[in-house]
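Chains A and R, in that order, give the protein sequences.
At position 133 of the first sequence the residue is numbered 133 (our numbering), and the sequence of numbers has no breaks.
Throughout, our numbering is defined as the position within the second sequence, counted from one, plus 1000.
Because the hints were derived from the structure by calculation, they are not lab data.
Keep in mind that a hint or two might mislead.
[Claimed, not checked] Beta-carbon label-pair distances, calculated as ranges:
1. A:Glu8 with R:Glu1149: 52 to 62 angstroms
2. A:Thr189 with R:Ala1012: 50 to 60 angstroms
3. R:Ser1047 with A:Gly133: 49 to 59 angstroms
4. A:Ile113 with R:Phe1130: 20 to 30 angstroms
5. R:Arg1058 with A:Ser36: 41 to 51 angstroms
[Claimed, not checked] From the derived model, a few chain R residues whose C-beta atoms are all more than 10 angstroms from chain A:
6. His1053
7. Ala1124
8. His1134
9. Glu1185
[To be verified] Sample of chain R residues at the chain A side, in silico, Cβ under 10 angstroms:
10. His1167
11. Gln1172
12. Arg1175
13. Leu1183
Idealized CB from N, CA, C, for every residue including glycine.
There are 2 protein chains.
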Amino acid sequence: MSNESKRERSDAVRNRRAILEATDALLAEFGADNVSIEQIAAAAHVSKGTIFHRFGNRAGLMRALVFDRATALRDAVVSGAPPLGPGAPAADRLLAYFDAMFRLVVDNVELMIAYDDAAEDPHAEAIHAFWYGHIAALLSEARPDADAEVLSRVLLSSVNGELVLHHIRTDQTERLAETIHDLVESVVTHRH
Amino acid sequence: MSNESKRERSDAVRNRRAILEATDALLAEFGADNVSIEQIAAAAHVSKGTIFHRFGNRAGLMRALVFDRATALRDAVVSGAPPLGPGAPAADRLLAYFDAMFRLVVDNVELMIAYDDAAEDPHAEAIHAFWYGHIAALLSEARPDADAEVLSRVLLSSVNGELVLHHIRTDQTERLAETIHDLVESVVTHRH
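In isolation and in its complexed conformation, chain A is listed as follows:
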């Protein structure tokens, strides 16, 4: 690769990161309905054209942001600090994972519901497969008597967008957070 194309590629990586970080910060401050592509471009010091070139459209940018956050959670699970990362007992890691996953869904619930309706996506399927594998591996340790594979699907379905959205809209988000925590705790401490 020439020095020039290397520099172009590293510019592209830097721009992508700057755009996603600017989007994240602006959404947190103003909410999804009140952030324009113009504002994002200005905050990331890029042109609107760069954003559309890289992400296609607004929906593409939002999808990329959700994947970026999901990838950050995956990294924390694989190599971050315990109890989310390795080094804590399986039951504690499961509780930390479901708490973190719940926050990820709460913060992205409108995007996730919109995205669930979209066609199947290999990127989304890969990350779902990773979650199921992670939960099932920890369940096998914490609950060797249970059917870890099926139970991982049942537990993760309890953090579904429709249920989360209902509780956000009725101002019961923290009640749902505590209930899902309680559910996972019931499962990991159950003894036949």
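Keeping the supplied structure of chain A fixed, place chain R upon it in accordance with the hints.
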């Protein structure tokens, strides 16, 4: 009401019952894709016109059948034999209810997924409200420390059509049945 209109009304009730029972029996024997309105009419000893007059179309008939089955489960819960009906400990009644609800979803999964997509229906809302109230009342007894209202929604969402359909299609229906039973058992036996 004249004797004539009383007789007409009791004929209508009898026809409705005969049509639903014939549909139920034929679906169980041949599967939803292999049963025609003609076969149902013949088995129920009514005309095709009577079926369309009463249920609108095929989808309307299938929806009525699901409600008929849901109403039968509600009756069993309100006034049937324990452990589904009154008279058993709350934990046993919850386990019996989720087992029965799981079978109801399994037997009607394609219809339920189609129906979930439909517009909101007061009949469907009433029966959902009844399920939530029933589960929450029993949870309040079995798990006085838990948030019964939110937990009833989380637990019932674990018996969702998409999850059930995935397990039917991958020949894991009984594994899912056992896992949901295990989940409810974990919840009702959990102690802080």
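Non-interface claim for Ala1124 of chain R versus chain A (Cβ beyond 10 angstroms): 15 angstroms, holds
Whether Glu1185 of chain R stays farther than 10 angstroms from all C-beta atoms of chain A, as the label says: Check fails; 7 angstroms does not lie beyond 10 angstroms.
Chain A contact restraint on Gln1172 of chain R - CB to CB distance below 10 angstroms: Holds - the Cβ of Gln1172 of chain R comes within 10 angstroms of chain A, reaching about 6 angstroms at its closest.
Beta-carbon spacing of Glu8 of chain A to Glu1149 of chain R - inside the hinted bounds 52 to 62 angstroms or not: With Cβ atoms ~56 angstroms apart, the hint holds.
Interface-negative label, His1134 of chain R against chain A, beta-carbon threshold 10 angstroms: Correct as stated: the minimum Cβ-Cβ distance to chain A is 18 angstroms, above 10 angstroms.
His1053 of chain R remote from chain A - nearest C-beta pair above 10 angstroms: For His1053 of chain R, whose nearest Cβ neighbour in chain A is about 36 angstroms away, the distance exceeds 10 angstroms, so it holds.
Status of the hint placing Leu1183 of chain R at chain A (closest C-beta pair under 10 angstroms): 6 angstroms, holds
Distance restraint evaluation - Ser1047 of chain R, Gly133 of chain A, Cβ atoms, bounds 49 to 59 angstroms: This hint holds: roughly 56 angstroms between Cβ atoms.
Outcome of range test on Cβ distance (Arg1058 of chain R, Ser36 of chain A; 41 to 51 angstroms): Between Arg1058 of chain R and Ser36 of chain A, where Cβ atoms are some 48 angstroms apart, the hint holds.
Distance restraint evaluation - Thr189 of chain A, Ala1012 of chain R, Cβ atoms, bounds 50 to 60 angstroms: Between Thr189 of chain A and Ala1012 of chain R, where Cβ atoms are some 55 angstroms apart, the hint holds.
His1167 of chain R as chain A interface residue, shortest Cβ-Cβ below 10 angstroms: Since the shortest Cβ distance to chain A is 7 angstroms, the answer is holds.
Distance restraint hint 20 to 30 angstroms, applied to the beta-carbon atoms of Ile113 of chain A and Phe1130 of chain R: 26 angstroms, holds
In summary, the structure is inconsistent with hint 9 from the numbered list given earlier, while agreeing with all the others.
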